[in-house]
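> Sequence:
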Amino acid sequence: MNTNSLRSPKHKFSAEICFDIPLKGIGSVIGVTANDLSDVEHYAAISAQGHPVYVTIAEYPHFDWSIVNEYNLNK
Numbered sequence: 001m002n003t004n005s006l007r008s009p010k011h012k013f014s015a016e017i018c019f020d021i022p023l024k025g026i027g028s029v030i031g032v033t034a035n036d037l038s039d040v041e042h043y044a045a046i047s048a049q050g051h052p053v054y055v056t057i058a059e060y061p062h063f064d065w066s067i068v069n070e071y072n073l074n075k
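When we follow full-length UniProt numbering, the leftmost residue of the sequence shown carries the number 1, and every step to the right adds one.
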């Protein structure tokens, strides 16, 4: 059972979700993390809440984040 939070620095992947238009109560950028690339992509899609966003996914291999993928998510 994984008890890490979604914002844990112990997770291997991080996604930064940038909204085209800031959302009330959220702002213009949020981030999520996960140990699996498909999980962080799924969390990014859910976090987009149906709004157009730009997603940057990075991996933390050792000491520095390496960008894995960048894309627009439009629903």
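By construction, these hints were calculated from the structure, which means they are not laboratory data. Note that this is a predicted model, so its numbers are computed, not measured. For every residue, glycine included, the Cβ atom is placed at its ideal position computed from N, Cα and C. You may find that some hints are simply not true.
Computed Cβ-Cβ distance ranges for the label pairs, DEER-style [to be verified]:
| id | residue 1 | residue 2 | range |
| --- | --- | --- | --- |
| 1 | E70 | L23 | 19 to 25 Å |
| 2 | I21 | Y71 | 15 to 21 Å |
| 3 | E70 | Q49 | 18 to 24 Å |
| 4 | E59 | V29 | 17 to 23 Å |
| 5 | V29 | S66 | 15 to 21 Å |
> For every hint, state whether the structure bears it out.
The hints, checked one at a time:
The hinted range of 19 to 25 Å is satisfied by E70 and L23, whose Cβ atoms lie roughly 21 Å apart. Separated by about 18 Å at the C-beta atoms, I21 and Y71 satisfy the suggested range of 15 to 21 Å. Between E70 and Q49 the Cβ separation comes to about 20 Å, which falls inside the hinted range of 18 to 24 Å. At about 19 Å, the beta-carbon gap between E59 and V29 stays in the expected band of 17 to 23 Å.
Between V29 and S66 the Cβ separation comes to about 20 Å, which falls inside the hinted range of 15 to 21 Å.
The structure is consistent with each of the numbered hints, conforming to all of them.
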